[in-house]
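*Asks:* Read in order, the letters of the sequence shown correspond to residues 1 to 231 in UniProt numbering.
None of these hints come from the bench; they were simulated from the model. Treat the hints with care, since some could be wrong.
Unchecked claim - Straight-line alpha carbon distances no greater than 30 Å define the calculated DSSO-like cross-link-like pairs of lysine-lysine that follow:
1) K126 <-> K97
2) K184 <-> K224
3) K182 <-> K125
4) K97 <-> K159
5) K228 <-> K184
6) K159 <-> K182
7) K126 <-> K182
8) K126 <-> K102
9) K126 <-> K98
10) K159 <-> K224
11) K228 <-> K159
12) K159 <-> K184
13) K224 <-> K182
14) K97 <-> K125
15) K125 <-> K102
16) K126 <-> K184
17) K98 <-> K125
Treat the numbers as computed from the prediction; the structure is a model and nothing was measured.
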Amino acid sequence: MNSPSPSPSPSPSQSPSPWDTTPAISVRIVSAISRIANVLRSGAWQFATAEGLNPTQVDILQILLSRDAGVRLSWIAQQLGVTAASASDSVASLVAKKLVEKGRASDDGRAIAIYLTAEGRLLAKKINSAMSFAFDAVNELPQTSQQAMFEALLAYIGKLQQSERFPEIRACVTCQHFAANKHKNELAPHHCNLVNAPLPHMLLRLDCEEHAPAEPATATLNWKKLEKMSL
Numbered sequence: 001m002n003s004p005s006p007s008p009s010p011s012p013s014q015s016p017s018p019w020d021t022t023p024a025i026s027v028r029i030v031s032a033i034s035r036i037a038n039v040l041r042s043g044a045w046q047f048a049t050a051e052g053l054n055p056t057q058v059d060i061l062q063i064l065l066s067r068d069a070g071v072r073l074s075w076i077a078q079q080l081g082v083t084a085a086s087a088s089d090s091v092a093s094l095v096a097k098k099l100v101e102k103g104r105a106s107d108d109g110r111a112i113a114i115y116l117t118a119e120g121r122l123l124a125k126k127i128n129s130a131m132s133f134a135f136d137a138v139n140e141l142p143q144t145s146q147q148a149m150f151e152a153l154l155a156y157i158g159k160l161q162q163s164e165r166f167p168e169i170r171a172c173v174t175c176q177h178f179a180a181n182k183h184k185n186e187l188a189p190h191h192c193n194l195v196n197a198p199l200p201h202m203l204l205r206l207d208c209e210e211h212a213p214a215e216p217a218t219a220t221l222n223w224k225k226l227e228k229m230s231l
C-alpha cells in the first residue's frame with residue numbers, strides 16, 4: 001500500500017510557508033477517524049469493565065442484538081476482525097455467563113449458530129445508553145453537518161468495501177431490494193423494492209434486518225452510483 005503523498009513543497013521561487021509540513025488531508029482524515037474510534041473504544045471499555053466483560057464480548061452482544069436468526073462463529077470473527085480462536089473464547093465466556101447460547105442455525109440444521117439469551121438481550125440494550133455521549137455529540141451538530149458527515153462516511157465505507165477492507169454489512173447499497181437513483185426526486189432518489197417505496201438518501205441503512213445480499217457486481221455498481229451523486 002502506497003503512503004499518502006505529502007503536501008507539495010514550495011518551488012525555489014516561493015517563500016517557505018509555516019504550513020509546508022502539514023500532513024496530507026488523507027492522513028488527517030484517517031487520523032481523525034482513528035481518534036474517534038479510540039474514544040468510542042474507551043467508552044466500550046468502561047461499560048465492559050462495569051459489567052465484568054471485555055470490549056470484544058460487548059461487540060458480540062451488540063451485533064447479535066439485531067440478528068434474531070443467530071450467526072455463525074466464523075461470521076462473528078470476520079465482523080470483529082479477530083481470529084476464530086479469539087472469537088470462540090469470547091463466545092465461550094458469554095455462554096458461561098448465560099448471555100448467549102448455541103443452537104442450530106436456521107438455514108442449516110447441521111450447523112451451529114450463536115444467539116442472545118433473554119438476559120443477554122437486556123444487557124445489549126444497555127450498551128447504547130452507555131454510549132449516549134457519542135450520540136449526543138452528533139446530535140449537537142447542525143443538521144447539515146450531520147447529513148454531510150453521513151454521506152462522507154457512507155462514501156468512505158463504499159471505497160473500503162470495494163477494496164475488500166471492510167467486513168460484510170447489511171447495508172441498503174448491498175441489498176438486492178435496492179434500486180439506486182430510480183426517481184428524479186432529489187430528496188428520495190432511491191427505491192426499496194421490498195416495501196415498494198421511494199427511499200430518501202439520508203435514510204439509507206448500514207444494518208437492515210431485511211437485508212438480502214445482492215450480487216457483488218450489482219453492489220459495486222450501486223456504490224459507484226452513490227459516489228457520482230456526491231460529486
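*Asks:* Report the numbers of all earlier hints that the structure fails to satisfy, in ascending order.
*Replies:* 3, 4, 7, 16
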